[in-house]
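Novice: Sequence:
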Amino acid sequence: MIPDYNKVHLKFKLDKNHYSYNDLDEVAYSFVKEGRPFEQDIGNFLLDWLDKKDYILVNTSGSTGKPKRIKISKQAMVNSAVATGNYLNLKPGDTALYCLPAHYIAGKMMLVRAMILGLELDLTQPTSQPIFDYKLPYDFVAMVPLQLEKIYGYCDAIKTIIVGGAPVSNNLKKAIQGIKSNVYETYGMTETITHIALKKLNNFDGSSSVTSTHFKTLPNISLSQDKRNCLVINAPQLSEEPIITNDIVELHSETEFEWLGRFDNIINSGGIKFSPEQIEAKLQNSIKQRFFIASEKDERLGEQVILVVEGDSNTMADAAFSELEKFEKPKAIYNVSEFSETTSGKIQRNHILKQLKIQN
1 MIPDYNKVHL KFKLDKNHYS YNDLDEVAYS FVKEGRPFEQ DIGNFLLDWL DKKDYILVNT
61 SGSTGKPKRI KISKQAMVNS AVATGNYLNL KPGDTALYCL PAHYIAGKMM LVRAMILGLE
121 LDLTQPTSQP IFDYKLPYDF VAMVPLQLEK IYGYCDAIKT IIVGGAPVSN NLKKAIQGIK
181 SNVYETYGMT ETITHIALKK LNNFDGSSSV TSTHFKTLPN ISLSQDKRNC LVINAPQLSE
241 EPIITNDIVE LHSETEFEWL GRFDNIINSG GIKFSPEQIE AKLQNSIKQR FFIASEKDER
301 LGEQVILVVE GDSNTMADAA FSELEKFEKP KAIYNVSEFS ETTSGKIQRN HILKQLKIQN
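Sequential numbering from 1 applies to the sequence shown in full-length UniProt numbering.
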């Protein structure tokens with residue numbers, strides 16, 4: 001039975017203290033008045049959660065179109081928390097670490113999961129390298145790739161880690177193969193109330209039919225594609241209407257898919273369409289610096305493929321492009337000393353292109 005959003009599990013703890021639903025009002029006001037900035041964000045979310053409305057307002061990231069402010073049902077957030085708990089076998093009394101900001105949906109959902117599933121949630125400031133007792137065992141933690149990159153060598157005491165908000169690089173995937181924690185990459189967005197699918201990244205036991213390139217949906221979610229080959233998500237417990245994304249996928253079943261790239265990033269060069277993300281995947285083992293593929297206007301081709309590299313040098317050996325097809329190879333290379341990025345570590349491509357005064 002799925003609980004109501006105005007209930008708090010008896011086993012729920014916040015920083016080692018038990019709180020009932022009625023207690024949370026006082027906790028929220030205390031955070032807002034006396035807390036550090038990240039605690040004030042938590043307090044503001046708790047006040048929204050406790051008010052008489054059956055929804056909260058959140059800002060989308062633009063995965064289904066232009067960023068906008070939308071209403072999300074509180075009960076749908078509960079449904080999402082229960083689905084994650086069932087998928088990852090989280091139980092009342094399990095310990096969890098909060099290290100994502102509460103002004104984003106991922107941070108809000110860590111609080112909801114704790115309240116609804118009865119987790120014992122410890123708070124730490126959301127920074128690129130979360131500071132906590134690395135020897136203290138935790139059953140569940142949600143992070144962005146940048147955070148996992150900083151601490152993967154110290155997290156063997158964590159049972160399960162979900163990582164999302166930005167793509168997980170091949171280098172990071174390789175680095176976590178030797179750790180004890182079970183790491184899952186998430187697929188989702190604000191409109192789907194964080195993730196609707198997970199992909200295991202390490203500790204494979206050979207019993208799963210899903211390969212490491214496939215995302216597998218949470219319970220009660222089915223998938224299809226539109227005419228653009230973009231993913232359409234049918235999740236009645238999360239959204240009354242199907243959610244149409246701008247993510248191009250290869251659909252393997254109604255519950256399994258492989259993410260290929262963004263429709264709004266597609267490059268049309270001389271009538272041939274390229275996915276920047278697919279070219280980037282081929283280059284990941286050849287280029288050590290951070291980089292991305294984009295396009296710029298070209299009189300003959302319409303658009304031409306370009307490479308933008310973080311650092312002070314834009315020289316690149318021909319061998320770096322050996323895995324690319326002829327028309328995939330960048331026609332120009334640009335460098336930026338330091339990439340601007342979101343708080344989740346996602347590279348702000350459009351901002352960097354504007355900085356370079358590149359028209360695309």
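Keep in mind that the hints were calculated from the coordinates and are not lab data.
Hints should not be assumed to be uniformly reliable.
Stated by the list, open to error - Derived DSS-like pairs: lysine-lysine, alpha-carbon spacing no greater than 30 Å straight-line:
| no. | residue 1 | residue 2 |
| --- | --- | --- |
| 1 | 68 | 13 |
| 2 | 357 | 329 |
| 3 | 180 | 227 |
To be verified - FRET-style restraints, in silico, Cβ to Cβ:
| no. | residue 1 | residue 2 | range |
| --- | --- | --- | --- |
| 4 | 137 | 205 | 20 to 28 Å |
| 5 | 326 | 299 | 32 to 40 Å |
| 6 | 44 | 133 | 39 to 47 Å |
| 7 | 29 | 157 | 30 to 38 Å |
| 8 | 205 | 337 | 25 to 33 Å |
| 9 | 36 | 226 | 42 to 50 Å |
| 10 | 52 | 299 | 58 to 66 Å |
| 11 | 258 | 354 | 47 to 55 Å |
| 12 | 55 | 124 | 24 to 32 Å |
| 13 | 51 | 272 | 32 to 40 Å |
| 14 | 1 | 222 | 16 to 24 Å |
| 15 | 222 | 299 | 29 to 37 Å |
Where is the CB? At the ideal position from N, CA and C, for every residue including glycine.
Novice: Each hint: holds or not?
Specialist: Against the structure, the hints come out as follows:
1. 68 x 13: Between residue 68 and residue 13 the Cα gap is close to 33 Å, so the pair fails against 30 Å, i.e. violated.
2. 357 x 329: Holds, because 21 Å separates the two Cα atoms, which is no more than 30 Å.
3. 180 x 227: The given pair, whose Cα atoms are some 42 Å apart, is violated under the 30 Å limit.
4. 137 x 205: 20 to 28 Å: Check passed, 21 Å falls within 20 to 28 Å.
5. 326 x 299: 32 to 40 Å: Violated - the Cβ-Cβ distance for residue 326 and residue 299, about 20 Å, lies outside 32 to 40 Å.
6. 44 x 133: 39 to 47 Å: violated, 27 Å
7. 29 x 157: 30 to 38 Å: holds, 34 Å
8. 205 x 337: 25 to 33 Å: violated, 44 Å
9. 36 x 226: 42 to 50 Å: For residue 226 against residue 36, whose Cβ atoms are near 44 Å apart, the range 42 to 50 Å holds.
10. 52 x 299: 58 to 66 Å: holds, 60 Å
11. 258 x 354: 47 to 55 Å: violated, 31 Å
12. 55 x 124: 24 to 32 Å: holds, 29 Å
13. 51 x 272: 32 to 40 Å: For residue 272 against residue 51, whose Cβ atoms are near 53 Å apart, the range 32 to 40 Å is violated.
14. 1 x 222: 16 to 24 Å: holds, 23 Å
15. 222 x 299: 29 to 37 Å: Violated, at about 46 Å.
Violation of the numbered hints given earlier is confined to hints 1, 3, 5, 6, 8, 11, 13, 15; the remaining hints are satisfied by the structure.
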